[in-house]
Amino acid sequence: MQFVVNIMVLAAIYALIACGYVLIYRVSRVLNLAHGELMMLGAYLLVATASAFAASPLMAVVFAAVMSLAVGGMVYLFLMRRMTGETVLAAVLTTVALGILIRGLIVLFWSAQQQHPRAMLGWDNPVIVLPGDARISLYSALLIVATVIVYGGLFLFLRFGRWGIRMRAAGQNPLLAAQRGINLHAVFALAWGLSTFTGAIAGMLIALDSGLDSTMTMIGLKAFPAALVGGLDSLVGALIGALIIAGAEVGVIRFIDPLLADVVPFIVLIVMLVIRPWGLFGTREELDRV
Amino acid sequence: MMKKWIAVLGLATAGFAVSSANAQESVKIGLTGALTGPVAGTYAPAVEGLRLYIDKVNAAGGVDGKPIELLIQDDGAEPSKAAANAKRFLTQDDVAMMINSSLSSTYAPTIAEAKRNGVPLLFAASVCPAEVFPPADPNLFCTTAFGAKYDSRAALGFIEGKSGADVKLGLHAMAIPVSRGEIDFAEELGKEMGMTPVSKEITPPPTPDYTPFATNINNADAEWVWSWAPWVAQIKTFEALRRLGWEGDYLAYAHLEAEGELERVKDPEFFVVGANALFSEGLPVMADIMSAAEGSSYPANQMTEGWIAGMVIEAALKAASDPTSAESVREAMSNISVDMQGLRGGPLEWTADNHFRTQQNYRVYRWNPDSESIETVQDWTPFDVQ
Numbered sequence: 001m002q003f004v005v006n007i008m009v010l011a012a013i014y015a016l017i018a019c020g021y022v023l024i025y026r027v028s029r030v031l032n033l034a035h036g037e038l039m040m041l042g043a044y045l046l047v048a049t050a051s052a053f054a055a056s057p058l059m060a061v062v063f064a065a066v067m068s069l070a071v072g073g074m075v076y077l078f079l080m081r082r083m084t085g086e087t088v089l090a091a092v093l094t095t096v097a098l099g100i101l102i103r104g105l106i107v108l109f110w111s112a113q114q115q116h117p118r119a120m121l122g123w124d125n126p127v128i129v130l131p132g133d134a135r136i137s138l139y140s141a142l143l144i145v146a147t148v149i150v151y152g153g154l155f156l157f158l159r160f161g162r163w164g165i166r167m168r169a170a171g172q173n174p175l176l177a178a179q180r181g182i183n184l185h186a187v188f189a190l191a192w193g194l195s196t197f198t199g200a201i202a203g204m205l206i207a208l209d210s211g212l213d214s215t216m217t218m219i220g221l222k223a224f225p226a227a228l229v230g231g232l233d234s235l236v237g238a239l240i241g242a243l244i245i246a247g248a249e250v251g252v253i254r255f256i257d258p259l260l261a262d263v264v265p266f267i268v269l270i271v272m273l274v275i276r277p278w279g280l281f282g283t284r285e286e287l288d289r290v
Numbered sequence: 291m292m293k294k295w296i297a298v299l300g301l302a303t304a305g306f307a308v309s310s311a312n313a314q315e316s317v318k319i320g321l322t323g324a325l326t327g328p329v330a331g332t333y334a335p336a337v338e339g340l341r342l343y344i345d346k347v348n349a350a351g352g353v354d355g356k357p358i359e360l361l362i363q364d365d366g367a368e369p370s371k372a373a374a375n376a377k378r379f380l381t382q383d384d385v386a387m388m389i390n391s392s393l394s395s396t397y398a399p400t401i402a403e404a405k406r407n408g409v410p411l412l413f414a415a416s417v418c419p420a421e422v423f424p425p426a427d428p429n430l431f432c433t434t435a436f437g438a439k440y441d442s443r444a445a446l447g448f449i450e451g452k453s454g455a456d457v458k459l460g461l462h463a464m465a466i467p468v469s470r471g472e473i474d475f476a477e478e479l480g481k482e483m484g485m486t487p488v489s490k491e492i493t494p495p496p497t498p499d500y501t502p503f504a505t506n507i508n509n510a511d512a513e514w515v516w517s518w519a520p521w522v523a524q525i526k527t528f529e530a531l532r533r534l535g536w537e538g539d540y541l542a543y544a545h546l547e548a549e550g551e552l553e554r555v556k557d558p559e560f561f562v563v564g565a566n567a568l569f570s571e572g573l574p575v576m577a578d579i580m581s582a583a584e585g586s587s588y589p590a591n592q593m594t595e596g597w598i599a600g601m602v603i604e605a606a607l608k609a610a611s612d613p614t615s616a617e618s619v620r621e622a623m624s625n626i627s628v629d630m631q632g633l634r635g636g637p638l639e640w641t642a643d644n645h646f647r648t649q650q651n652y653r654v655y656r657w658n659p660d661s662e663s664i665e666t667v668q669d670w671t672p673f674d675v676q
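If you read the protein sequences in the order shown, they are chains X and E.
For reference, each letter of the first sequence is one residue, going 1 to 290 in our numbering.
For reference, each letter of the second sequence is one residue, going 291 to 676 in our numbering.
Simulated from the structure, these hints should not be mistaken for lab results.
The beta-carbon is built from N, C-alpha and C at its ideal position, and this holds for glycine as well.
Incorrect hints may appear among the rest.
[What the hints assert, rightly or not] Example chain E residues on the side facing chain X (calculated, C-beta under 10 Å, incomplete):
no.	residue
1	G366
2	K439
3	R443
4	E491
5	Y500
6	P637
[Claimed, not checked] Covered stretches of chain E, going by a simulated chain X footprint (3 or more residues, C-beta under 8 Å):
no.	segment
7	452-458
8	515-529
9	639-649
Using the sequences provided together with the hints, build the complete structure.
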């Protein structure tokens, strides 16, 4: 049972991060290589708000999440918008530069020290005992719950929401969408905002569970194979891809050799790229456009 | 025309003489360190401690009236950046000593550059390379507290003293060569001592969840765990074990974060073994560090490594016949004994053959829930370095 719980927690982490890659790629065809850094920034924003709202911990979390949404939108409006009309490669390289900038700024503002936002907020992390004597910490359980809510919310938003439908339209055919009066910049800014928001939720919950340090940015990159395996333009694919990668990783740790944990996501990715380069739920046409 | 050229030549010569005089006014030391990037938390506080110590020396008049100019360059733990930093220090800045406070992956280029230019290279807060142990490379020195193989000897000796040799031992390392090498050594040493290694977990540097690794240790019924890895990996593995309901004893290396973390975790079965004294000792030198660290981004108790490096650098420069000459500084470093003022279990001694230290001392600490403070569980235990 603990084995299954371990897979679910890791899959939730990867899925929550991977949906950020998918949201931006699906709408604007940009591969955001600063997603790990934006996720980490969201967690550091919680450190900032935890100090400012010490008397109201819940407010600190809400405020940090809203700020993350705003940061994502601003990244588009003040940086990525300028890349409109440029090559995809130029946009991707811009995100690499953005990542370097965020890493530097985080050290400047919060130093390189490990942070413990949970202790700052005065919260505990009790262990929940599940059937079969499996155990899960409160924040790990919240990671799973948050993943379900985020994916459920995004499904409803994209299927039925006015702005969600606009996002899908902009992703499918930006020219036609613009001709129909859809404000593409607003749609792209919203996609960046939502992507940073979901990444920040993951970052905050990981930080609340086990602390925050600058290695978090590498965790963001580890979720990338999940998005690729599922298909870069599919949210369902990101979810399934996360489950596959997490299952393979935890299985290798448990039954083969923990040393292989780092490479197995990339072995799965390579196998997928050989068999089905556009991913499990991605579309071939999308890959050609990359 | 000839007079004009002589005048130009004269001015150029005068300018060169002035710039040479300026260069001799200060002792230049170049430091390449991982001040940003994923591992910065391990190095940046120590570099800050060193900088504060050098400021203190300069405020007191420097060395032989010459101020020490500490040139700090960030390498982000990237070998290419470390190599570029080293080249700059050696070709542009003309440093008398170079310091590496970064990941072991940056060692090869900095060692090569330092050797090529005949400038001594000091490893401070970064893991001591094999070349500083006897028989030492004449150009390489190390002040860092932890020492491969000696740490595991001290750790397993402590476990044996607490629970005897008949224990089920869990081992934990990070997937980097230096950490894995130490835990492989500990595994063999444990077997020789009669212990039963039941689980050896190697966690990748970026691990989102340590629970799957901890589950293996828990399932193996380990009674003790010895972890030798960067602090983040050590503490996260321990906390994952506790969340799984594991009730054994955990021994980790006392990196610079140890003191603050013992106070945060407050677990009496979580021990740390290390070669630096913790600030709970309340030594006078610690009051000096705390005073210097006021207003800093890092707590004073994370600066011991840098402060110790500063003490050794000051002593070496004072002992050198010409502190601005790399050759003279290296000669002084090859035969030196520095009083650690209680920060370590004895003086730091380097000989021509040993650039690690002649004796390594270890103390073990834990959190005492009764006194609500950190306590010394085992006092300084010496190991001769041969």
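Now for the hints, and whether the structure bears them out:
With 10 Å as the threshold, the beta carbon of G366(E) comes within range of chain X, its nearest partner Cβ sitting at about 8 Å, so the hint holds. Checking K439(E) against chain X by beta carbon gives a least distance of about 21 Å; that is not within 10 Å, so the hint is violated. For R443(E), the interface hint is violated, since its Cβ never comes within 10 Å of a Cβ in chain X; the closest pair sits about 24 Å apart. Hint status for E491(E) relative to chain X: holds, with the closest Cβ pair at about 5 Å, below 10 Å.
At a threshold of 10 Å, the smallest CB-CB gap from Y500(E) to chain X is about 7 Å, leaving the interface hint in force. The interface hint given for P637(E) is violated, since its Cβ lies 30 Å from the closest Cβ of chain X, which is over the 10 Å cut-off. Look at the segment 452-458 of chain E against chain X: 0 of its residues bring a Cβ nearer than 8 Å to a Cβ of that chain, fewer than three, so the hint is violated. Residue count for the segment 515-529 of chain E with a Cβ under 8 Å from a Cβ of chain X: 5. That meets the three needed, and the coverage hint holds.
Counting residues of the segment 639-649 of chain E whose CB lies closer than 8 Å to any CB of chain X gives 0, which falls below the minimum of 3, so the coverage claim is violated.
Hints 2, 3, 6, 7, 9 from the list above are not met by this structure, while the remaining hints are.
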